[in-house]
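S.K.: Generate coordinates for the entire structure from the input sequences, incorporating the hints supplied.
Under our numbering, the first residue of the sequence shown carries the number 2, and numbering increases by one thereafter.
All clues stand as given, with none of them false.
FRET-style restraints, in silico, Cβ to Cβ:
| hint | residue 1 | residue 2 | range |
| --- | --- | --- | --- |
| 1 | D76 | L39 | 31 to 41 Å |
| 2 | E7 | G92 | 26 to 36 Å |
| 3 | I11 | V73 | 17 to 27 Å |
| 4 | V45 | G87 | 19 to 29 Å |
| 5 | N93 | L54 | 35 to 45 Å |
| 6 | E40 | D106 | 17 to 27 Å |
Source of the hints: derived by calculation from the structure; they are not laboratory data. Quick caveat: nothing in here was measured; it's all calculated off a predicted structure. Even glycine gets a Cβ: it sits at the ideal position worked out from N, Cα and C.
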Amino acid sequence: MANRLESLNIDLQQNPGLSFGEHRTAGIVADRLDAFGLEVLSGVGRTGVVGILHNGDGPVVMLRSGMDALPVLEDVALDYASTARGADPDGNEVHLLHACGHDADVS
2 MANRLESLNI DLQQNPGLSF GEHRTAGIVA DRLDAFGLEV LSGVGRTGVV
52 GILHNGDGPV VMLRSGMDAL PVLEDVALDY ASTARGADPD GNEVHLLHAC
102 GHDADVS
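M.R.: Quick look at the structure:
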């Protein structure tokens with residue numbers, strides 16, 4: 002399990018998406034939740050994903066995580082560093098980075 006989480010984290014770190022542009026990440030999250038047997042709602046708030054585990058009456062737990070990246074250059078010499086680029090809302094090309102740790106949250 003730890004190896005799968007590490008691989009997922011590295012993949013997400015290397016392939017970030019800006020807010021409302023994280024379609025690839027949303028697809029991965031939806032696929033993983035579906036594989037765990039959860040009911041999956043996609044496109045929530047445009048690119049959000051909700052997984053619902055139906056387990057009967059009782060307490061309810063909610064886990065929320067952001068999955069968007071920031072327009073920041075990851076200037077480090079690590080094998081898993083992001084080299085991704087995207088367009089900001091004005092159409093300018095920007096570097097993309099999960100500077101807030103959303104890659105770890107989603108993993």
